[in-house]
Every structure is written in structure tokens, then in C-alpha cells.
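Chemist: What follows is each chain in one-letter form.
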Amino acid sequence: MAVLQMQHIQICALKSNRKRLLEFLQRRGVVELIDGPEADDVFQKDDVTPVRAALEREIQAARRALEVLERLAPEKTSMLASLNGRTVLKPEVYDAFEEKAPEVAAVAARLDALEREIGDRQAEILKTETAIEALQPWVRLDISMQFGGTRKTAAFIGSLPEPMRYDEIVARLAALAPDAGPAAVEIISTSNDQTCIFLLTGRPDAKAYEDALRAMGFARPASATSVPPAEQLTRYKAQIADCRQAIESARQEIIGAASCRGDLKFLIDYDTMRIEKYGVIGSMAQSKSTFILDGYIPKMDAERLQRELESRFDAVVSLEDPDEDADVPVKLKNGWFSDPVESVVDSFSLPGKGEIDPTSITAVFYYVLFGLMLSDAAYGAMLFFGCWWATKRFPNMEIGMRRMLKLFQYSGLATIFWGFIFGSFFGDIVTIVGKTFFGADIAFPTLWFSPTENPMLMLVFSMGVGVVHLYTGLICSFYQHWKNGRYKDAIYDTVFWLLLITGLILMLIPSSMFQDMSQIYVTFPPFVNTAAVWMSILGAIGIVLTGGRDAASLPGRIASGLYSLYGATSWLSDILSYSRLLALGLATGVIASVVNQMGSMLGGGVVGAIVLLLVFIIGQLLNFGINLLGSYVHTNRLQYVEFYGKFYEGGGRPFSPFGVHTKYFKFEEDK
Amino acid sequence: MGMLLAVLGAVCAALVAGAGSSVGVGMAGEAAAGVITEDPNKFGKVLLLQLLPGTQGIYGLLVAFLTLSQIGVIGGGAVEISLWKGLLYFASCMPMTVVGYWSAIRQARVSIAGINLVAKRPDHMTKGMILAAMVETYAIFALLISILAVFGVSAVNI
Chain L
1 MAVLQMQHIQ
11 ICALKSNRKR
21 LLEFLQRRGV
31 VELIDGPEAD
41 DVFQKDDVTP
51 VRAALEREIQ
61 AARRALEVLE
71 RLAPEKTSML
81 ASLNGRTVLK
91 PEVYDAFEEK
101 APEVAAVAAR
111 LDALEREIGD
121 RQAEILKTET
131 AIEALQPWVR
141 LDISMQFGGT
151 RKTAAFIGSL
161 PEPMRYDEIV
171 ARLAALAPDA
181 GPAAVEIIST
191 SNDQTCIFLL
201 TGRPDAKAYE
211 DALRAMGFAR
221 PASATSVPPA
231 EQLTRYKAQI
241 ADCRQAIESA
251 RQEIIGAASC
261 RGDLKFLIDY
271 DTMRIEKYGV
281 IGSMAQSKST
291 FILDGYIPKM
301 DAERLQRELE
311 SRFDAVVSLE
321 DPDEDADVPV
331 KLKNGWFSDP
341 VESVVDSFSL
351 PGKGEIDPTS
361 ITAVFYYVLF
371 GLMLSDAAYG
381 AMLFFGCWWA
391 TKRFPNMEIG
401 MRRMLKLFQY
411 SGLATIFWGF
421 IFGSFFGDIV
431 TIVGKTFFGA
441 DIAFPTLWFS
451 PTENPMLMLV
461 FSMGVGVVHL
471 YTGLICSFYQ
481 HWKNGRYKDA
491 IYDTVFWLLL
501 ITGLILMLIP
511 SSMFQDMSQI
521 YVTFPPFVNT
531 AAVWMSILGA
541 IGIVLTGGRD
551 AASLPGRIAS
561 GLYSLYGATS
571 WLSDILSYSR
581 LLALGLATGV
591 IASVVNQMGS
601 MLGGGVVGAI
611 VLLLVFIIGQ
621 LLNFGINLLG
631 SYVHTNRLQY
641 VEFYGKFYEG
651 GGRPFSPFGV
661 HTKYFKFEED
671 K
Chain Y
1001 MGMLLAVLGA
1011 VCAALVAGAG
1021 SSVGVGMAGE
1031 AAAGVITEDP
1041 NKFGKVLLLQ
1051 LLPGTQGIYG
1061 LLVAFLTLSQ
1071 IGVIGGGAVE
1081 ISLWKGLLYF
1091 ASCMPMTVVG
1101 YWSAIRQARV
1111 SIAGINLVAK
1121 RPDHMTKGMI
1131 LAAMVETYAI
1141 FALLISILAV
1151 FGVSAVNI
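In the order they appear, the protein sequences are chains L and Y. When we follow this note's numbering, the leftmost residue of the first sequence carries the number 1, and every step to the right adds one. When we follow this note's numbering, the leftmost residue of the second sequence carries the number 1001, and every step to the right adds one.
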């Protein structure tokens, strides 16, 4: 309907009421607050950064805790859960949570610690397992690995870097230390890349054997245990078991805390709200015992809020219309029919200064164009009833999602309409089933004509729809100029163009070129033909004379006027762009028919029926999905590029009120 | 010979446009999976963006099917057609073949950019989709001309 009128609001209240007043404002969510005046002798601003940082950390901890819970004790959710919307709570729950918050924050911290504990223990297990592996070759050694010998003997424990047999070792030692006394060599283990040995000899020969061993590449084990390896192994295994148990008990504790999930979510929401509140506190001007809030409020909500604030909080509220050049935020308000299209306008851009709210006019064309592209009665019915059911089943749905579904629901209705006009119901399923199973020649009623049989007529019709759409845009532009008192612009930039384009179209329709292509034969009375010629001439002259009115010199004016006449080519491409209505409509109908035809290839009978049913369900669902996507994006495109190109620029700043911007919960609206 | 050319045209439309789409959807799918590793909840959004370059393959299939059914290779009633008519069918399939291939790949690049956009600002998915749809416009125009041409050629008597 319209862009809501905004008022500038200033609230002055006592600091003792600050918390309650801000919480009230936040729940109401109707005021957008702006930065207050700069600090001076009387008014100061609080530094809230540390508080906000602390809250931010608490949120992070709670998020991590939720992630841990989700990993170890996943919550069962249905596919449609996202349609549920946020859970509704009474405002008292928020007030009561203040006491509980530290407790929940502690739970979050505990879950975080447990998660870290699990990680540490897992790392320890890995480390121990590596140690066990290193110890494995030494298991048969039944003394300490650090054993260096007795008073009379010297022992060498270590590995040689290649697999060797006992006799080889003895022979090498004898060769390397020919003069040394006897020594006992024992092979502990042999593998592909090493031989672990134990060598015992008398003290006096120790030096000789050490040199000999070194020459053979002897190395002492990297980690020599003080107890015999077998015993150490048992110790390691006990350590791993300990870690496993610690992990398991941490895991159990986490799973046991799954009931806190709701509280953790609430903590996130609670802190999110507090962060927003502290943001406000940081930007407002405060004296020793009062504070001042500045902001914008939609006029429709203003008086009620003023009344409530003044009666509840000893506050002074002043309302005034904003200055002409103030940066006023934009909020739209529309009835049930166009409300869903607000999201479409919103994702383009909100109306800028002096622009009209294009929502309702966009809505009419949105549904019509969408229906023309999908153009199948059965698909339309699926869309309509599906969205209708979903919005009924999930009444608490978020506003964005609801708008989307409503947009599709109304578009579905338009699709049903066009489906009947063009005689399409799952393509030609009625005819196929009639022919295959009953030998009957029946067809879904076609109220006007079938685009597959007469594509040229559909092409002309599509472009006709385009012309209507573009003209509407131009009329909106005229209205906008007129409303803002730019009467000359209104005439120069829209009326001349209307004259030129209408004249050209009227000249084109009776021409033989058009008639050959479209097979549509129209003859106008002679005066219309004459009028058409004069309209185009008048329009063209007008455009050449006024199109360059910003230029300084006369030749410059004419030159840029001629250049703006060249803009007629953009009209050509704009109108041709609507041929996508035909192409997408054909794509829906023809693919649906192809699916039906493939399904019916096995002929009648039970087997044929089963095959047809299977192919039908899968193929039609696929076609429905693909074309739904196509219709959605291309309807948007026609609106954004062709239609808005004629009059709408946007650039308005969205109204973002101080409110409850939570993720999981929202409050009951108090009436 | 005419029949051969007509079938060749149909096959080209399905084959080349389909190849373009599979390359495109594949590229977009890789980007989409990357986003999902960060945030699995964005699956629905990136899936839509991944699908966008897939339509060219479907359009190619559509043109192929129309051509094959016009010349009676499917649905029965195939008769010998002249060399010239076959050539005309072949030419009719070319817009969808060539434009389908290139636009699918170019559109995939825009889709990937859109997927990256969704990764950072999920609220602006529609904008990413519209940008990708801008490329698809030309595939739609090619489809339109191919369909009109195939219908038109079947009415031509040479």
C-alpha cells in the first residue's frame, strides 16, 4: 500500500528506570534508535565495550557447548522443523532467567572443558600407542632396558640397523674386535629393518665391544624404560584404559547435560538481546540521573508508545515530523494480497526519497507472470495447496518464510488460471491416459489456445503482456514525477515515450511483416494508421528536443536528444525479453508431455499402468521443481530489470528497530 | 541422408548442451560442497544455486525430443526426408547446441560466485540467483528459436 510515515521520537527518562524502559522498548520493537548528541559537560556516553565483549564470549561458549551436544547427543528433528519458527515464550521467562543465567553459563563452560578433556585424552591415547609400538620389539627382554651391567660385567642393549642372524653378528664382532674376550649375544627380535640385541661381556672388554658395535651401526633404544619392557607395556595399556574411561565418563556427562540444551539456546538469545541493549546504552546520552533516546518510529505506533512510556516510566516523550533532509528509514505496509511481494521489493531495494511503494503494482504482475511461466493447472494446484497446507500447519512460522510460501500460494492460483486458459494439466496426461488405457480421445479443456500448437500467437501474447507491464512502469514514473512536482519531467520522459512506442506498435501491427510472422491479420480504420504515424513523429520530435535538456549548448541538446531517441532500442530488447514467457511456458508443457509419452511407451494393461505411474511421478516432480525455480527467478528478473528499469531506483534505508533479534525464542506479543 | 542430419542435430542439442550443463553443475556442486563443510544448514540454498546451470541440459533434451518426434524417430511414423530438410533440422538445433554449452558454463561461474555470496550473506541468496538467471536468458532465447525453427521446418515442404 504504502511507505509508512515516520516520526522523530525523543524519549527522556530517569536512569533508575533505564533497564525496565529499555527492555520494554526492545520487546515492542517499534523504534529505530540513532546515535544521541555528542558528549558534553552534562551528557556523557557509557563505554560498554567490555560488557559486550564478555557477553560475546559467553555466547561463543554456549554455541560451542551446543555443537558438542549436537555431536554427542544429536537432537532428532524432522525435515519440516525449519518451518516451525521460534518458540514463543512469555516475557516473565526472560525476567526469571536473570538469576539462572550464570548457572547456565557455568554449564556451557563445563561442557566446553569436557570437550577439551576428551580431545586431550584422545591425544594421550595416540601418544601411548606410538610408545607401545616402539616398545614391541623389546618385549622378550626380561630386565630393565637401562641395565648397563654389574660390577664385573658390561651390558649393551640396542639395535643394529639391518636384519642379522646370530652367527653373522658373532662373526662380525670377532672380525671387528679380534683381541677382546668372550661375550654373550642374545637376539631379542629381528625385523626387516633392525635387529635388537643384548650383549654381555666382562668390564675390561667393554671398550672394544662398544667400538665394534658402533662400527656395525649399533644404536641404543630411543626411550629406554626403567622396568622390563613387558611390565612397561602393561602400564601403558592401563594408561590407555584410563584415558578411554575418562573419555567415556566425559561423554556420559555431556550426554547427561542434553537436557540443558533449551537453557543454552535461551542463554544465547538472552545475551544477544543484552548485547543489543548495551549497544543502545553505549550510544545514548546520559546525565547523572537522566538519559535521552533519539530515534524514528512509524507514525501509526507512535501515539500508543508515547502513552505507554509516559504512564509506566515517568518519561517525557516528544514526537515530531522528521526534517526534509533527514535520513529517515523506510518501512512498507501492505495488505494480504501484496504483502508477500514485499520480500521481492525488499531484496531489490526499498523505495528511496520521493519514490512510491511499488509493492502492490508489482504483486499484480508478479502473480500473472509467474502463472504464465509455470502455466500448468496441476502444477498450480500442487503449489497452491502445498503452500496453503504448510502455512496452516505451522502457524508460528517466521515472517520471511511465511511470505515466501504465500507468494507461491497466490502464484499457484494464477498458475491454475493460466493452466486452464492454455489447456495444460500435467502436460497432456488426460489425453495420454485416455488413449493408452481406454482408447478414448479426450482432452483437458483448453479455454483459449494451446501454445504448443500455436507458438506464434503465444509469442505475440507474451510481448503484449510485456508492453502492458512496461507501460505500467512508465505510468508509475509519470505519477512519481507529477507527485513530486516535476511536471516537465513527467511530460518529457514518459508521455513522449508513450506516444512514440504506441505509435510504432500501431504501425507495426497492420504491416505485412508482422502479419506473416504472427498469422494475425488486423486492419485498423485509416484514421488510426494516420494517428499512429503522427504519434510516433510527435513523440520522436519531443524526445529529440527535450531528451538532452540538461546539456548547456543548443547543438549539445540536440545531440544528446538524438542519443536518447536511440533508447528506443532498449524498448525493443525489453519487449523481446518477454518472449521468455513463451519459452518457459513451452518448456513446462513440452517436458511434461515428453514424460507422459515416455511413460506410456509400454502401452495399456497392468504393467503399462505401473510403468506410467512411476515415470509420471518422478518425471513430473522433477519438471515441477525445475520449472518452479525457473519461473521464480525469471519473474523476479522481469520485475527488477524490465519493470523497475522504467521508474524505480530504490536506495531507501531499511527500518531496523531496536528489538528482539533472537535465533531460538521470541516473546508473546503483549496487547 | 536427410534423416541422418536431422538425428545428428537432435543428438548435438542433447549432447553438447547436456555436456555444458554437467560441467556447469559439477563446478557449482564442488563450490556448494565447500560451503556445506562450513555450515551444513545452507544445503537447501546452495543446492538451488547449483541447479541453475542445469537447465541448459534440459532445454537441449527438449529440443532433441521435439526434433526426434517431428521426424518420427520416436512416436512412430518415420518417413524418409530430403537432404535439405534434414539440413534445416540440423541448423534449427544449432542455437540450443552452441548457446546451451557456453551459457551453462558461464552461468555456472556466476552460480559459484552466488554460492560464495550465500556463504557470507545467506539472506541475499535471491540476488545471487537473479545474477545467474541473467546468463540463462540467452539459453532461453536460443531454446525459443530452436523450438520455433523445429516447428517451422516441419511445415516446410522441400
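The set of hints was computed from the structure by calculation and includes no laboratory data. Note that this is a predicted model, so its numbers are computed, not measured. Just to be clear, a hint being listed does not mean it is correct.
Pulled from the structure, derived: some chain L residues nowhere near chain Y, Cβ distances all over 12 angstroms [as the list claims (entries may be wrong)]:
id, residue
1, 336
2, 586
3, 625
4, 630
5, 633
6, 655
Keeping only pairs whose Cα atoms sit at most 20 angstroms apart, straight-line, the calculated SDA-like set for lysine to any residue is [what the hints assert, rightly or not]:
id, chain 1, residue 1, chain 2, residue 2
7, L, 663, Y, 1043
8, L, 663, Y, 1123
9, Y, 1042, L, 63
10, L, 19, L, 316
Listed next, with one range per pair, are the computed distances between beta-carbon atoms [said to hold, decoys possible]:
id, chain 1, residue 1, chain 2, residue 2, range
11, L, 602, Y, 1038, 25 to 33 angstroms
12, Y, 1040, L, 249, 44 to 52 angstroms
13, L, 38, Y, 1043, 43 to 51 angstroms
14, L, 522, Y, 1004, 37 to 45 angstroms
15, L, 364, Y, 1072, 41 to 49 angstroms
All C-beta atoms, glycine included, are put in the ideal place defined by N, C-alpha and C.
Chemist: Holds or violated: the 37 to 45 angstroms window for the beta-carbon distance between residue 522 of chain L and residue 1004 of chain Y?
Modeler: About 43 angstroms separates the Cβ atoms of residue 522 of chain L and residue 1004 of chain Y, which means 37 to 45 angstroms holds.
Chemist: Taking the CB of residue 1040 of chain Y and the CB of residue 249 of chain L, does the distance hold inside 44 to 52 angstroms?
Modeler: 29 angstroms, violated
Chemist: Residue 602 of chain L and residue 1038 of chain Y, beta-carbon distance inside 25 to 33 angstroms?
Modeler: 47 angstroms, violated
Chemist: Say whether it holds or is violated: residue 336 of chain L keeps its Cβ farther than 12 angstroms from all Cβ of chain Y.
Modeler: 22 angstroms, holds
Chemist: Is it true that the C-beta distance of residue 38 of chain L to residue 1043 of chain Y lies inside 43 to 51 angstroms, as the hint says?
Modeler: The hinted range 43 to 51 angstroms holds for residue 38 of chain L and residue 1043 of chain Y, with Cβ atoms some 48 angstroms apart.
Chemist: Just to be careful, I want the Cα atoms of residue 19 of chain L and residue 316 of chain L compared with a cutoff of 20 angstroms; is the pair within it?
Modeler: 16 angstroms, holds
Chemist: Against chain Y, does residue 586 of chain L hold up as non-interface, every C-beta pair farther apart than 12 angstroms?
Modeler: 6 angstroms, violated
Chemist: Take a quick look at residue 633 of chain L and tell me if its Cβ sits farther than 12 angstroms from every Cβ on chain Y, holds or violated.
Modeler: 4 angstroms, violated
Chemist: Is the nearest CB of chain Y more than 12 angstroms from the CB of residue 630 of chain L?
Modeler: 6 angstroms, violated
Chemist: Please verify that the nearest CB of chain Y lies beyond 12 angstroms from residue 655 of chain L's CB.
Modeler: 16 angstroms, holds
Chemist: Would you mind confirming whether the straight-line C-alpha gap from residue 663 of chain L to residue 1043 of chain Y stays at or under 20 angstroms?
Modeler: 19 angstroms, holds
Chemist: Would the non-interface assignment of residue 625 of chain L survive a Cβ cutoff of 12 angstroms against chain Y?
Modeler: 8 angstroms, violated
Hints 2, 3, 4, 5, 11, 12 from the list above are not met by this structure, while the remaining hints are.
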